[in-house]
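Modelling step: build the complete structure from the supplied sequences, incorporating the hints.
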Amino acid sequence: MLLLVFHLCSFFRVLMPSSCCEVICDSEHFAKRVMRRELLGCGLSEDGQLGLGSRSAACVKLPEQIVGAPLNAVGTAVTSVACGEKHTILLAEDGKMWSVGGNEDGQLGRGGRGPGSFTIYPVSFSGGVKMLQVAAGRSHSLAVAEDGRLFAWGSNEHGQLAMPRHISWQETPKRVGELTEVVQVACGPLHCIALLESGAVAVWGEQSDGAILHSPQIVTQLIGVPVVRVVAGGRHCVAISAGGGVYVWGHNEYGQLGTGDTLPRPTPFFLEGMSAMHIIEAYCGDSHTLLLSQEGRLFAFGSNAHGQIGGGKKFDKHTNPAAVTELMGSTVTRVACGRNHSVVVIGGRLYPFGQNANGQLGNGSALNQLIPRQTEELDHVVAVFAGFDQTFILRSIGAPALTAGPNCPLKVPLSLCKANVLDLLSRHEKLDLIGLLESVFSSISCINGSFLYEDERRFLSEGRVFGVDLDDVMETFGALGESSDARQYADLIIDTCQMSVFGDFDPSAMCSVESLRVYLVLVWVQPFVTNVTRDVVARLHLPFAESISKLRPHFRNALEKWWVVLPVRHFNRLATAMLTAVRCLVRDKVNPSECRAFLDILASLCAINKVTNKIPLENFYVHELADNYNLKMDYVNWARAQEGREASATCWSNYPFLMNAAAKGELLYVEAVMSMQTSMNGARLTLFGFDLFVEQPFFELTVRRQHIVQDTINGLLSIDRRYLQRPLRVQFMSEEAEDAGGVKKEFFMILFQKLLQSDYGMFVEDPDSHLVWFSGFDVEEVNYYKMVGILCGLAVYNCVLVAFPFPLALYKMLLDQQPVLEDLTELSPVEGRSLQELLDYQGDDFEDVFCLNFTISYAAFGSTETLDLKPGGADIAVTQSNKADYVQRYVHHRLCVGRNGEVGRQAAAFRDGFKMVLNSRIVAFFQPRELMELVIGNENYDWSELRKIVQYKGEYHANHPTILAFWEAFFELNVDERKKFLQFLMGSTRLPVGGMSSLQMYIQPTAPEVLPVAHTCFNLLDLPNIADSKELLRRLRVSIQHTQGFTLV
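The sequence shown maps to residues -21 to -1, 1 to 1028 in mature numbering (1 follows the signal peptide of the UniProt record, and there is no 0).
Keep in mind the hints are simulated off the structure, nothing from the lab. Mixed in with the good hints, there may be bad ones.
With a Cα cut of at most 16 Å, we get these calculated EDC-like pairs of lysine to aspartate or glutamate [unchecked claim]:
id: 1; residue 1: Lys397; residue 2: Asp411
id: 2; residue 1: Lys862; residue 2: Asp819
id: 3; residue 1: Lys529; residue 2: Glu597
id: 4; residue 1: Lys293; residue 2: Glu274
id: 5; residue 1: Lys862; residue 2: Glu924
id: 6; residue 1: Lys862; residue 2: Asp847
id: 7; residue 1: Lys397; residue 2: Asp483
id: 8; residue 1: Lys409; residue 2: Asp464
id: 9; residue 1: Lys529; residue 2: Asp464
id: 10; residue 1: Lys390; residue 2: Glu176
id: 11; residue 1: Lys611; residue 2: Glu645
id: 12; residue 1: Lys733; residue 2: Asp747
id: 13; residue 1: Lys958; residue 2: Glu924
id: 14; residue 1: Lys862; residue 2: Asp824
id: 15; residue 1: Lys894; residue 2: Asp795
id: 16; residue 1: Lys40; residue 2: Glu25
Listed below in structure tokens is the structure:
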């Protein structure tokens, strides 16, 4: 009686409310247990492929329970169903396979072929291994075993079993020997696709171009892509990556590839338009395709001749992916595609649509359904499977709520994650860890699928999101580097990468930005920055950099966009890795061309850093360059190549960002000397073997100390421009000194002290910072600013440091860079802090608190003038949303425009004058602060370094009693006195751009009874020959109080 009730309930399953069924089952405990999980089927069953027995109808229009399926304690034990045209393969939770239906090619796998079976029986397999997945084509079957082996049986007429041509069919499962470590497989009618543990994708069988492959062939275009899902349609294939990338290829006559056209694609094509949709699953019919997003949105494209992609209207082709309108707002959790029909699950209920000639929609009719419509009384659906013209439904009462995902569990390729590696390290599972590292780093696809975020950040939602948790990468490789086996792990990673990343992978053939992740992950491998040798550079750094250099422009640009948004620690790591390689090669004095791959990457990073200010520009300096190369000759070769006088070659001067300020200063000095020599040669005439000067070889200025400004301006106004390129010599009237350098130093010092005074009205001093800026007042002669620029250029040209109290903004303008808020703050701390408070304030009452509009006010001569910062600015309020724009415009107007544009004109004139003298390509090499230090020097005093660089003359040496007494006395001086000593000795308290170590200082003996005397032209100190440190200290203090005026000693 119990059995009768059970069968009646099963037969009329969909005709009865689920609650009624449960009431019947409640009458018996066993029946209740059985009915908690069940498998149902509908559609074409003339060959028994639904497993309903021989008495079932040829077309089952309402879902019926498949009672012959394997059972467990709670009902059906089936976890997955694969449907061919006439046969069905069932996979049970214990990993055993069952089959039913047609068997003309042995596709049931029971041994023999011929008559099919209406009864479900086990597949003949005695391998003793659990199966994880099954798939079925028109008349062949495949199964993936737990150990990665692939088994095939059925028809091989089109190579679909990956067996030799002479084998037409296989009646029992047989291993496909050419493939190992398979994790997924899918079947089209006559072709197959498999995903391997390494992330590689293999295909065989009849391909879209008609070729028949009897052995698996790797899809090389997908090497490097972290594919996690492969699907086969009628004659097309789809692969889904870990980042939601969709790759399609094959026939496309109905738009089933979603490429916007109907052209076939013989190789994988990346659907860029779907990259932001978070796609996790794909499903293929004969000529249509569905895509499911993580959020449960369904997209469809291809043929809609039977309504299989929804929309309510029949049409032959739909070439672009589009959301299924009728399902918008719903969360789709499961999907299946038959030949010309589709089935989706929403909230545990079934929504079929498409062709229904054989009842495959399970709605009780044979009419096609053009839109998804809920099948009444069918709930608790947890999975759906579709064959050619069949549908299988798996129900489970009491199952947890579903999220979007596959219908059955699927393995994916290997990858690394921090938790797994740290766990193996903590448990000292060295062999397992070595095996994991070897497997992952042997495949670039596995590397690119590693360390991905577990949430939506892993998806390619926009061009600059790379999906990798780089902090996990950093911590994982940090832990590996700290282990006792760090060296072994590092060597293993390098060796495997040489075969995968730097061997099999062709960057120029890349088809997806997801393949770029390897360039972010690998730099955290310890050998990139630790114990770097020439061998490591050759095996790791160089192939890494060359791989990047081979990228096509589209992908190089995408990688650089990722670099732009890298957090500072990761940006710095990449720069450090490349610089470490360069420094290693520089120490070996290699030709710069051997560093080209690194240098091009560093050039990109430096350009990004100039905009983003991630790391100090000094981080890019390779200080070893000057010690190992003749940079002056390198610059000469570069300059000749720029002028076309020599063939272009890789020179260090192509990459000036690598040079520290001292090295750039040396180059500028060399160019100045060359320019001076050229100009002097133009003044020389050789006659009868004698050099005759037809022009003055120097630019000579004679000035009165009390009228230095006027005399200098008159001298500049009367001089031919050509003379500016000649060495400057200054003569103070009524003073005896010859200018060998010292007179120039005092000349510029006094001159700029006078010029910058408020009496001239050219510049204004901020009362807080004591820095000066262009006055912005109407000055009768704007050319005076040009004169000041010329004088500033002359000082640099003649290697003289000047006291020029301008902020960094001036040097940015000289280098055509825009000043920012920090520059205004340096000049005017009060204004800068006020604007920063404006930016920092986040209150809702912003407008009431600040009451600002887009204007700026200037005070001059007792009145205030207010100007608009943009058209109609007086009527535009500054708000939370536009305050950043206001600050930017304010800073620009204040520093670059000024009242009536006067600041802009004055600054432009100064810049023109500066460049009239220093029209050098090398100036562009400098960073603003470096150029600033070139003009005014710096105060990075290292007094112990001063002692090291001094050279001694005559009887003096480092251990001479007088020298020992001198240094004892010197270090008794306070800091201000030491600076006065530098002024006394060199004519300036500031140091050259190279710092104390770039100075040259000499000490020579003189009579014991005299005071110390300085020859500022030569940085030479005449030191009285006495060994009394106290007396030397007294005399030093006397001497350093007299630092102006010259006489011949």
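So, going through the hints one by one against the coordinates:
no.: 1; hint: Lys397 / Asp411; result: holds, 15 Å
no.: 2; hint: Lys862 / Asp819; result: holds, 10 Å
no.: 3; hint: Lys529 / Glu597; result: violated, 28 Å
no.: 4; hint: Lys293 / Glu274; result: violated, 28 Å
no.: 5; hint: Lys862 / Glu924; result: violated, 48 Å
no.: 6; hint: Lys862 / Asp847; result: holds, 15 Å
no.: 7; hint: Lys397 / Asp483; result: violated, 26 Å
no.: 8; hint: Lys409 / Asp464; result: holds, 9 Å
no.: 9; hint: Lys529 / Asp464; result: violated, 34 Å
no.: 10; hint: Lys390 / Glu176; result: holds, 9 Å
no.: 11; hint: Lys611 / Glu645; result: holds, 8 Å
no.: 12; hint: Lys733 / Asp747; result: violated, 20 Å
no.: 13; hint: Lys958 / Glu924; result: holds, 15 Å
no.: 14; hint: Lys862 / Asp824; result: holds, 13 Å
no.: 15; hint: Lys894 / Asp795; result: holds, 12 Å
no.: 16; hint: Lys40 / Glu25; result: holds, 13 Å
In this structure, the hints that do not hold are numbers 3, 4, 5, 7, 9 and 12, in rising order.
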